[in-house]
Amino acid sequence: MLSYLRFALVPCVFLPLTALTTLLGGVWIVVSMLCVTLSYVLFDNATTHDTADRHYRLPALLEIIPYLQLPAALLALFTLVWQAAPGDLLGFGAWLSALTGHNIMALHNLTLPELLLAAASTGYTMSTNTVVAHELIHKTHSLIAMMVGRWLLALVGDAQFSISHVYSHHPNVATPEDGATARRGENVYRFFIRSSLSQYVESWQVEAQRVSLQNRRGAMLVNRVISGVLMSLLIVAACFTAAGIRGALACLVTMLVSKFLFETVNYIQHYGLVRLPGTRVEPRHSWDCNNRASSAGLLNLTRHSDHHTHPRREYWNLQAHSYAVGIEKGYVAHIFYALIPPLWFKRMEAKLAYWDEHVASDAERALIRQSESSAVNSTVPCVSGESHE
Numbered sequence: 002m003l004s005y006l007r008f009a010l011v012p013c014v015f016l017p018l019t020a021l022t023t024l025l026g027g028v029w030i031v032v033s034m035l036c037v038t039l040s041y042v043l044f045d046n047a048t049t050h051d052t053a054d055r056h057y058r059l060p061a062l063l064e065i066i067p068y069l070q071l072p073a074a075l076l077a078l079f080t081l082v083w084q085a086a087p088g089d090l091l092g093f094g095a096w097l098s099a100l101t102g103h104n105i106m107a108l109h110n111l112t113l114p115e116l117l118l119a120a121a122s123t124g125y126t127m128s129t130n131t132v133v134a135h136e137l138i139h140k141t142h143s144l145i146a147m148m149v150g151r152w153l154l155a156l157v158g159d160a161q162f163s164i165s166h167v168y169s170h171h172p173n174v175a176t177p178e179d180g181a182t183a184r185r186g187e188n189v190y191r192f193f194i195r196s197s198l199s200q201y202v203e204s205w206q207v208e209a210q211r212v213s214l215q216n217r218r219g220a221m222l223v224n225r226v227i228s229g230v231l232m233s234l235l236i237v238a239a240c241f242t243a244a245g246i247r248g249a250l251a252c253l254v255t256m257l258v259s260k261f262l263f264e265t266v267n268y269i270q271h272y273g274l275v276r277l278p279g280t281r282v283e284p285r286h287s288w289d290c291n292n293r294a295s296s297a298g299l300l301n302l303t304r305h306s307d308h309h310t311h312p313r314r315e316y317w318n319l320q321a322h323s324y325a326v327g328i329e330k331g332y333v334a335h336i337f338y339a340l341i342p343p344l345w346f347k348r349m350e351a352k353l354a355y356w357d358e359h360v361a362s363d364a365e366r367a368l369i370r371q372s373e374s375s376a377v378n379s380t381v382p383c384v385s386g387e388s389h390e
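390 is the number that this note's numbering gives the last residue of the sequence shown; the numbers go up by one with no jumps.
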């Protein structure tokens with residue numbers, strides 16, 4: 002049973018823990034972030050790598066787990082907004098006080114810095130919304146899966162991901178046409194801005210073409226980029242209505258932190274990898290991660306190379322691909338590496354050198370040499386009026 006329950010770690014443990022520590026306030030706000038971080042880092046590095054391919058007799062149970070994320074995320078966000086509200090929002094404090102026998106309203110006193118810290122903590126945990134939605138939005142045949150996935154994304158301000166990821170990232174991964182593939186030498190902060198903007202452009206292009214081909218009236222209303230933005234604005238508006246400026250601010254901080262953290266995961270997954278446009282996407286075009294905690298908490302997103310090879314394969318059926326190089330210390334540890342660019346570049350230099358020599362195709366190596374040559378030439382100063390004989 003543990004092999005099933007491990008995938009429910011976030012909605013059943015980490016998100017409720019975040020809600021609880023937001024409720025408690027004070028130093029407890031930091032506790033959830035520390036617990037989540039240490040759980041991943043310690044278990045990822047104190048246990049053996051998980052490369053086994055398992056067969057589950059109860060796949061229906063695994064299908065349910067992603068849907069637990071939405072109520073758990075709403076609980077975490079509601080607790081945050083309750084703390085931001087001037088009074089007892091929806092009588093939640095009175096109800097909980099009666100239920101527990103403790104004066105919960107005594108905890109309803111977060112200062113603005115504490116509230117913003119709680120919002121960052123909530124965003125830290127809710128960044129997994131995009132991971133779970135990532136599983137659901139590939140089920141394009143299921144209206145329920147797509148709807149839940151879109152609302153999970155809207156809660157973190159990124160509903161467009163359901164379009165750019167499926168229709169742009171997957172066919173264009175590891176090529177210059179993909180905004181979500183990190184270039185060599187690009188730090189995570191620059192990538193965050195470029196990738197976020199590029200994905201909106203890609204989504205808009207996909208939607209504009211779809212609506213045009215359908216020749217539908219009211220194009221602005223059926224454009225999923227616009228509807229996705231409106232979904233997120235509706236959530237912010239609800240927070241503002243419930244808790245004023247403090248509520249809206251807390252919601253926006255949650256969205257920003259969630260978006261940045263997931264884009265950091267995007268950054269890690271394909272950093273520096275190269276593919277010749279038009280060629281088949283293969284396992285070598287993603288960095289895999291076989292650490293147990295990362296695999297469990299992120300629904301096997303760590304087996305990313307197999308996901309790109311088989312996009313419709315369910316998360317529990319994804320297979321590990323063994324390479325001599327990869328993300329070997331877990332996603333959370335590598336997020337912290339990425340936040341310090343010199344450390345990240347130094348760490349990835351040897352991995353890319355190995356990939357170039359032993360994993361890349363001849364055509365990909367030619368692309369790398371061409372890119373390096375262009376980068377060198379672009380740094381050579383041009384002196385006006387200088388003659389060469």
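Hint data in this document are derived by calculation from the structure and do not stem from the laboratory. A virtual CB, placed ideally from N, CA and C, is assigned to each residue, including glycine. Don't take every hint at face value.
As the list claims (entries may be wrong) - So the derived label-pair ranges between C-beta atoms look like this:
1) N46 with L231: 39 to 47 Å
2) N110 with N188: 36 to 44 Å
3) P87 with W29: 45 to 53 Å
4) N110 with V230: 18 to 26 Å
5) G88 with P278: 29 to 37 Å
6) K347 with H103: 22 to 30 Å
7) T101 with H50: 38 to 46 Å
Evaluated hints:
1. N46 with L231: 39 to 47 Å: holds (43 Å)
2. N110 with N188: 36 to 44 Å: Since N110 and N188 have Cβ atoms about 39 Å apart, the given range 36 to 44 Å holds.
3. P87 with W29: 45 to 53 Å: violated (22 Å)
4. N110 with V230: 18 to 26 Å: violated (34 Å)
5. G88 with P278: 29 to 37 Å: Violated: the Cβ-Cβ distance is about 57 Å, outside 29 to 37 Å.
6. K347 with H103: 22 to 30 Å: Once the Cβ atoms are compared, 50 Å apart, the range 22 to 30 Å for H103 and K347 is violated.
7. T101 with H50: 38 to 46 Å: Holds, since T101 and H50 (Cβ atoms, about 42 Å apart) stay within the stated range.
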